[in-house]
Amino acid sequence: DTEVTQTPKHLVMGMTNKKSLKCEQHMGHRAMYWYKQKAKKPPELMFVYSYEKLSINESVPSRFSPECPNSSLLNLHLHALQPEDSALYLCASSQEGPVAGNTDTQYFGPGTRLTVL
Amino acid sequence: EDQVTQSPEALRLQEGESSSLNCSYTVSGLRGLFWYRQDPGKGPEFLFTLYSAGEEKEKERLKATLTKKESFLHITAPKPEDSATYLCAVQGNRDDKIIFGKGTRLHILP
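Chains as they are written, first to last, in my numbering: chain D, 336 to 452; chain Y, 1233 to 1342.
Next up, chain D with everything else stripped away, as it sits in the complex (with noise of 0.2 Å):
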């Protein structure tokens, strides 16, 4: 089973609100991402947890805030969004995450297609 779960799978908010995207795997990966992607572009990493510590921040603004409360849950918490952050929000997952000389398949979900107004 390679199945990734988003939740919620649509999410509308306004500038001033607080919401968070779920993501869950039980395949026993260690590793955990979110990527952002708009419309016929490619997916942007934002953010990647490896057993559970964050080790990868592409520059996000602190408008995103990941959390990881074990090793298969990763949350995205969202305060104070742009119209700009509306997109669909992807969370993958991988056996290792990245470790130097490893190659690691990457696992998406759904998504969550989120619209700030």
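Hints listed in this document are in silico derivations from the structure and should not be mistaken for laboratory results.
Don't take each hint at face value.
[Stated by the list, open to error] In silico lysine to aspartate or glutamate, EDC-like type, Cα no more than 16 Å apart, as pairs: (1) D:K371 <-> D:E431; (2) Y:K1311 <-> Y:E1292; (3) D:K373 <-> D:E419; (4) Y:K1329 <-> D:E379; (5) D:K375 <-> Y:D1234; (6) Y:K1329 <-> D:E419; (7) D:K375 <-> Y:E1247; (8) Y:K1329 <-> Y:E1249; (9) Y:K1334 <-> Y:E1247; (10) Y:K1329 <-> Y:D1314; (11) Y:K1329 <-> Y:D1234; (12) Y:K1329 <-> D:E402; (13) D:K357 <-> D:E338; (14) Y:K1301 <-> Y:E1247; (15) Y:K1311 <-> Y:E1247; (16) Y:K1334 <-> Y:E1288; (17) D:K388 <-> D:E431; (18) D:K376 <-> Y:E1241; (19) D:K371 <-> D:E393; (20) D:K373 <-> Y:E1302; (21) D:K344 <-> Y:D1271; (22) D:K344 <-> D:E359; (23) Y:K1301 <-> Y:E1288; (24) Y:K1334 <-> Y:D1271; (25) Y:K1301 <-> Y:D1234; (26) Y:K1334 <-> D:E379; (27) D:K353 <-> D:E431; (28) Y:K1311 <-> Y:D1271; (29) Y:K1300 <-> Y:E1287; (30) Y:K1300 <-> Y:E1247; (31) D:K376 <-> Y:D1271; (32) Y:K1300 <-> Y:D1314; (33) Y:K1274 <-> D:E379; (34) Y:K1274 <-> D:E431; (35) D:K373 <-> D:E359; (36) D:K357 <-> D:E402.
Starting from the known structure of chain D, fit chain Y onto it as the hints suggest.
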């Protein structure tokens, strides 16, 4: 700098008309090349990982091949349900991240 270029940007084929999608890459020490399929508004679906030049992998109507400079995704006798965006990505030794190409939008006409 690691780079991935996919061509063509878009491709329209008749059902049953075989073709190939190209992924050219420049990377410092290839660790892996990945192919994904993405339907509109959904997450990328993993297809293949290729590790070294000469390697080939197949799945139903799809076959991926790899050389030292590029990868091809061959689609044999495609059906309308094969319509999607196909993404190529690479992972090199310089960086632990994967670099995505912009994708090829494939449309199969019935």
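- Task: Take the C-alpha atoms of D:K371 and D:E393, compute the straight-line distance between them, and say whether it is at most 16 Å.
- Result: With Cα atoms ~11 Å apart, D:K371 and D:E393 stay inside 16 Å; holds.
- Regarding the pair Y:K1311 and Y:D1271, is the alpha-carbon distance no greater than 16 Å? Holds, at roughly 15 Å.
- Task: Take the C-alpha atoms of Y:K1301 and Y:D1234, compute the straight-line distance between them, and say whether it is at most 16 Å.
- Result: Since the Cα atoms of Y:K1301 and Y:D1234 sit roughly 12 Å apart, the hinted pair holds (cutoff 16 Å).
- Given pair status - D:E338, D:K357, alpha carbons within 16 Å: Satisfied, since the Cα-Cα distance of roughly 14 Å is no more than 16 Å.
- Item | Given pair status - Y:E1302, D:K373, alpha carbons within 16 Å | The hint is violated at about 26 Å.
- Message: With the threshold set at 16 Å, check whether the alpha-carbon distance from D:K388 to D:E431 stays at or below it.
- Response: holds, 12 Å
- Message: Given the hinted pair Y:K1274 and D:E431, is their Cα-Cα distance within 16 Å?
- Response: violated, 24 Å
- Is the straight-line distance between the alpha-carbon of Y:K1329 and that of Y:D1314 16 Å or less? Roughly 28 Å separates the two Cα atoms, so the pair is violated.
- Straight-line alpha-carbon gap Y:K1311 to Y:E1247, limit 16 Å: Between Y:K1311 and Y:E1247 the Cα gap is close to 5 Å, so the pair holds against 16 Å.
- Is the hinted pair Y:K1300 and Y:D1314 satisfied, with a Cα-Cα distance of at most 16 Å? violated, 27 Å
- Within a Cα-Cα threshold of 16 Å, do D:K373 and D:E419 meet the stated pairing? holds, 10 Å
- Task: For the pair supplied as a hint, D:K357 and D:E402, confirm whether the alpha-carbon distance does not exceed 16 Å.
- Result: Judged against 16 Å, a Cα distance of about 10 Å means the pair holds.
Checked against the numbered hints listed earlier, the structure breaks hints 1, 5, 6, 7, 8, 9, 10, 12, 14, 16, 20, 27, 30, 32, 34 and 35; every other hint is satisfied.
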